[in-house]
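Student: One-letter residues, chain by chain:
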Amino acid sequence: MVLTEIWTSLIMWFFYALIPCLLTGGVAILPAPQNLSVRSTNMKHLLMWSPVIMPGETVYYSVEYQGEYESLYTSHIWIPSSWCSLTEGPECDVTDDITATVPYSLRVRATLGSQSSAWSTLTHPFNRNSTILTPPGMEVTKDGFHLVIELEDLGPQFEFRVAYWRREPGAKEHVKTVSSGGIPLYLVTMEPGAAYCVKAQTFVKAIGRRSAFSQAECVEVQDAQIWPFLLHLFGKITMVFGASPTCVTSGEVLPLALALFAFVGFMLIFVAVPLSVWKMGQLLRYSCCPVVVIPDTLKVTNSPQKLISCRKEEVDACAMTAVLSEELFRTWT
Amino acid sequence: MKLQHVSLWLLGAVLILCLMHTRGLRRCLISTDVHHIEESFQEIKRAIQAKDTFQNVTILSTSETLQSIKPLDACCVTKNLLAFYVDRVFKDHQELNPQILRKISSIANSFLYMQKTLRRCQEQRRCHCRQEATNATRIVHDNYDQLEVRAAAVKSLGELDVFLAWIDKNHQETSAA
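From first to last, the protein sequence lines are chains A and B.
In the working numbering, each residue's number is its place in the first sequence (first place is 1) plus 711.
In the working numbering, each residue's number is its place in the second sequence (first place is 1) plus 21.
Bear in mind the hints are in silico, worked out from the structure with no lab data behind them.
Fair warning: this is a prediction, and the values are worked out from it, not measured in the lab.
Some clues are possibly wrong.
Claimed, not checked - Taking CB as the label site, the calculated pair distances span:
(1) A:Pro903 / B:Ala186: 48 to 56 Å
(2) A:Pro867 / B:Cys150: 34 to 42 Å
(3) A:Leu757 / B:Thr74: 37 to 45 Å
(4) A:Ala923 / B:Asp189: 50 to 58 Å
(5) B:Cys150 / A:Ile740: 54 to 62 Å
(6) B:Asp189 / A:Phe972: 39 to 47 Å
Unchecked claim - Partial chain A-side listing against chain B, Cβ under 10 Å, derived:
(7) Tyr776
(8) Gly778
(9) Glu781
(10) Thr785
(11) Leu797
(12) Glu799
(13) Pro801
(14) Asp804
(15) Pro867
(16) Lys990
(17) Gln993
For glycine and all other residues, C-beta sits at the position ideal for the given N, C-alpha and C.
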C-alpha cells in the first residue's frame, strides 16, 4: 500500500517536471531566413533575405561572412559582419565586409530572445567584381564662359573619365581623368555661339571595370557682343598677373595664355600699325627725295689738302705735300 | 651597305623587344589598390607590433633581402612572398580580437587576389624566377623557421608595412585612364 502510494507520487512529480519541457517543445523552432541574395550597385553590396515572421515578436538577425582565404585555409572561421550583429531589417549592408575582389560566402540566422535559428548560407558566393556599374550623375553648369561640371560622389574607389567636345562636324573629343567626384570641375572656356557637349563614365581600379558613358549633356553660350567677352578675357589676364598661383588651375593656363596672346596681338595691331605706316612714309621720303647736308670738312674748295694723284715721277712732290698735310693735321689735333 | 641596314634593323628590333619586356614586368601586377591594404594594416599595426617580443630580429631582412632585389626579380619575389604570407603566416597566427581578425582577413583575401593576378602573368611568361629571387625567398623562410611559430607569425605580420611599401614601389602602374 505504502509502496504504491510512493510510486504514484513519483510518477506525478515526474510528469510535473516534464510539463515545462512539453510546453517549450510545443513552440515552433525558429526557422532560418530564406531566399538569400546580394544586390550590388556601384560597389555598395546589400545582402537581403525573406524576413522570419513571428507574430507579436521582433526578430533580430546576425550576419557572418567568410572570404575565399578563410574557406580555403580556415573553413571553421566565420567573421561577424561589421554592422549586422543583431539587426532588425531583413537586409544588411556588407560593403565594409567585402574588401577584396574574391568570392565571399555569407550566412544569416534569426534570433528571438535566447533562441537562434539555424544558419542559412548564400547559395553562390558573391564576388564584388559582379557589381552593376551605372553611368555617373553629372551636373553641367556655365560659370560665365566657363564650362563647369560636378560629378556624383561615389566614394574613394571610383575614378571618372570625362569627355567633352564642340558640337560641330569633325570636332575633336577631349578626355579628362578625374580622381573623385563631389567637387566642381572646370573643363573649358567656351566660345560665344558654340555648343559644347559632355559625357562621363566611372572606373573602379579594384575590379578593373568601367561603367557605360552617361547621356551627353550640351550647353551653349549666347552669341553675345564681342566687348563683354574681351573685357572678361582682360579681367582674366589681370587676374593671372595679380592673383596667387593657386587661383589658376592647371587646366586654365593654356586658355589664359591664348587670351594673353590675343590681347597682346590687339595691342600690337592698334599701336604698331600706325607706327609702321609713319616709318614707311619717312623711309619713302628719304629714298625718293633725300635732303643731304654735307659737312664743311668734306667740301672740296681751295684748301691746303689737295686731292693729289701720286705717280712715280712726282714722288718727291707727293712726299712734300704729304708732309705738309701731316703737319697741318697735327696742328689741328 | 645591305649588311649595315640589316644589323640596324636587328638592333632596333632587339631594343623594342627589351622595352616591351621591361614594360611588361612593371605592369605584371596588380590592379589592386595597395594603398587600401596599407590603410587596413595601419589600423592594426600598433596592436600587432606590440605583441612582437623579439625586437632585434627581422624576418624579411629588409636591407639584405628586399632592398637588394633587382626589378627583373621583383615579380618572382612578390609571388613567393605572397605565398609565404598566405600559406604560412596568416594560418599560423591565431587571432581572437574580432576587429583585428577582420583586418587580417581583408589583407589575406587581397593577397589571394594579387596571387591570382600574378598567376596570369606567369602563364604569359612574364614572371621568371632566377637564382637570386629563389635565394632571397629561402632566406625569409629560414628566418621564419628559426623562431617559434607563434612569435614568427606575429613578427611577420608586423613587417607587413615594409612588404606592402616594397610592392608599391616595384609594381606602380600608371592610371588605366
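Student: Does each hint fit the structure? Answer for all of them.
Tutor: Hint check:
1. A:Pro903 / B:Ala186: 48 to 56 Å: 52 Å, holds
2. A:Pro867 / B:Cys150: 34 to 42 Å: 35 Å, holds
3. A:Leu757 / B:Thr74: 37 to 45 Å: 43 Å, holds
4. A:Ala923 / B:Asp189: 50 to 58 Å: 31 Å, violated
5. B:Cys150 / A:Ile740: 54 to 62 Å: At 56 Å between Cβs, range holds.
6. B:Asp189 / A:Phe972: 39 to 47 Å: Between Asp189 (chain B) and Phe972 (chain A), where Cβ atoms are some 43 Å apart, the hint holds.
7. Tyr776: For Tyr776 (chain A), the interface hint holds, since the closest Cβ of chain B sits about 9 Å away, which is under 10 Å.
8. Gly778: 4 Å, holds
9. Glu781: 6 Å, holds
10. Thr785: 7 Å, holds
11. Leu797: 14 Å, violated
12. Glu799: 21 Å, violated
13. Pro801: 23 Å, violated
14. Asp804: 15 Å, violated
15. Pro867: For Pro867 (chain A), the interface hint holds, since the closest Cβ of chain B sits about 8 Å away, which is under 10 Å.
16. Lys990: 54 Å, violated
17. Gln993: 60 Å, violated
Consistency with the previously given hints fails for numbers 4, 11, 12, 13, 14, 16, 17, ordered from lowest to highest.
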